[in-house]
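> Taken in sequence, the protein lines are chains A and B.
Take 1 as the starting number for the first sequence in the numbering used here and just add one per residue.
Take 1 as the starting number for the second sequence in the numbering used here and just add one per residue.
Hints are all accurate, no fakes.
Using 20 Å as the maximum straight-line C-alpha spacing, the simulated EDC-like pairs for lysine to aspartate or glutamate come out as follows:
(1) A:Lys281 <-> B:Glu63
(2) B:Lys153 <-> B:Glu196
(3) A:Lys281 <-> B:Glu73
(4) A:Lys53 <-> A:Glu73
(5) B:Lys465 <-> A:Glu323
(6) B:Lys465 <-> A:Asp8
Simulated from the structure, these hints should not be mistaken for laboratory data.
Only a predicted model underlies this, so the values are computations on that prediction, with no experimental measurement involved.
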Amino acid sequence: MALLEFTDKGIYCPPANVYIDPWRPVERALITHGHADHSRWGHKYYLCTESAKPVIRYRLGDVQIQTVRFGEELSHNGVRFSFHPAGHILGSAQIRVEHEGEIWAVSGDYKLENDGLSEPFEPVRCHTFITESTFGLPVYRWQEQREVFEEINSWWRRNKAERKVSLITAYALGKAQRLMRGLDESIGPIFTHGAIENTNQVMRRQGVKLPKAKKVSAKFKKEDYIGGMVIAPPSALNAPWLRKFKPLSIGIASGWMALRGARRRRAADRGFVLSDHADWKGLNEAITATGAERVIVTHGYTNIFTRWLREERGLEAYEAQTEFEGELSEINETEAEGEDS
Amino acid sequence: MKQFANLYTQLDQTTRTNTKVNVLARYFSQAGEEDRLWTVAILSHRRPKRTVNSTLLRTWAAEMAGIPLWLFEESYHVVGDLSEAIALTLPGRQSENEFSLTYWIEYIKSLEKLEEEEKKERITAAWESMNYTERLVFNKLIMGGFRIGVSQKLMVRALSQYTGIDENTLAHRIMGNWDPAETTFEKLILTKDPLEDISKPYPFYLAYALDEEPEELGAPAEWIAERKWDGIRGQLIVRKDELFVWSRGEELVTDKFPEYHPLAELLPNGTVIDGEILPFKEGRPLTFNDLQTRIGRKNLTKSILKKAPVVMMAYDLLEWRGEDIRHYPLHKRRQLLEEMMETQKEQEVLLLSETLSFDNWESLARERKNSREHHSEGLMLKHRDSQYKAGRKKGDWWKWKVDPLAIDAVMIYAQRGHGRRANLFTDFTFAVWDGNTLVPFAKAYSGLTDKEFREITAWVRRNTKERFGPVHSVEPAHVFEIAFEGIRASNRHKSGVALRFPRISRWRKDKPIREANTLEELKGMLRVYEGKV
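Hey, can you work out the whole structure from these sequences and the hints?
Structural data, given as structure tokens:
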């Protein structure tokens, strides 16, 4: 029997009788991070890192959440669990599972670049590594975030000179705050959509330093937004809400913006390639660093990435069906529109 | 090249026409003379001869990136554009270059006679000295297909802004066969061509589709009806004993239709006719498909001319005896046209598109139903007092097309789209029932909303059975109504039929797959459609 199994409810650990990031209601759920496709409704007990808890609490309300510190070891039915930084968003973890000398690691979503907001990624040595492959193609290669922020700020400056409002869409949880911290506040005021403001408040209470931002509301006049930067979730792009901002230049911050087709499909003026997921190089480096001989590939370009690992890197690799979405909802490409936190 | 790559980036970053025109005009004022001419050439779909094939480019790109070819191919399918896929995959540059656009075009041209190994050396050396955008542009120069949201028309606007020369004049000057290597910007763009005034067409007047009942248009007596012929809208000009034929795309196509050439002598000077370039044989129109096959050919052989000869079906008279008469009411222009046609009984290439007499809208509606028998797309309704306007205008002219044919079919394959739809599943293959098997009969890739495309994409991702390269076979589960304009027998297709303009008209979420149509029913349509012809 494998230490972790892919069932129709989620990633299951039989000896401990717990699930990791389950997508159907279960008794005990270990949660890698607070995005909606990983921390879902309806479980009885949740376990996550201390810094992931506030947002999960905010999203799911009055559920039973236990926390664990990074690196702290917990034992359950003889299985040892520990959480290690995944660098994806604040509090995001890879979950290490050890039983009778065998070690597995579930990475959830991850990236290697230190974004200054999430606890930086740490490789976990293991025998079997469960990895995402959201951007598991060699065409995805990220620039350093410093360069991306330079592009965003110079776009903002130009828009301001042309007396336009700038608006960027990003996930309400994680990307939005990372983006805000990369903005040059000297250019103009920052405004936030209500969904993002709510997440900001949760994080500020946690002690995260975020630039000053005003929530978009009826008390502002149209002129107040001119020269400003509005941060909004992707779902806001299709909403009448957008009419408040005129004239407007729209940017989208997402890894998908690396491809011209994806960029052009959306009626955005600019696409900025900024992702909280590992690029091709990052995925490969992370896998090497685990020392794993077996790799299970979940969401993303699973079949291509699996073949690459098997044929070119000589690993035992296979795909697993999950209901994780990676970064898809960030550009409104899932059925679950608006599920962006 | 940096300048041109920068132009590319700027054009790519805006969807606003005015911004594009300004960006392009600024580029024209800054670029060197040779680069300026090459830019005009590229944006009017002229490119250097292809000297390296795309298979080699893929192989070298994969090699340089240190990945297996299959992985490169998979990436390419996702990106949907080969030039872009290569630029995204190659490792960082080794050096920089300051060479011009023209330099790189000459570089590409110089590869023609080289051995494969030498070509490889030169291409990879070029890649090594370029950044992402330069590589993208360079690859596009090699492979052609420079689609960057700049139409020829938009380019002409920018050129006009830069030179101060009127747009129509410029459009004429860049027409026809010219090679940037053999002319100059000065000669081609800035010098007057003695023929340009006499060849000048009028802008076409285009109609909107009728979106209400014809009764809403008022009294039938106010309206003139004629068939909407299924060819290419064209303008035939005779001035100073020269003949010019323009297509609606504002393209000069005189050479493509030698049938019309005798008209230069038969029609009086100062005649401009608006009509339909229509394939026509033995007293009846052929199908659009026949015309299309002919247009695609580079050389017009005797057998092609014999197989698909064309006529000009005249709708309207715009200039008569050198006078622009577009402001005359239609009935008067028609009268002049008909009088002129009386003098043209000796020839068989210029025909009059007859008007249909009708007393009430019901009888016209019946006539519309017979359209397919006449190989026509439906009817045109024109107000008898209407002037000939420029462009698409509402009110006086309406097209009243026949309803498309339609069939309910099951989706069985899906493929990712290209360009702006890359990474979304947008190209589908549809099948109908033959007993208990589903037989594919048509591909369609338009007709759904973006939201529906996203929904079906998410579904395909979860319900793929098998993959054959970019094609995913999926569980037969969804029924779509497929609309099409025509159907003909074909032995190239498994189903035995080929459809014209198939597209998705709606997603039949209400229908179980067992209720999709059958091959027998599809063939029945073929019999009806062909039987009447």
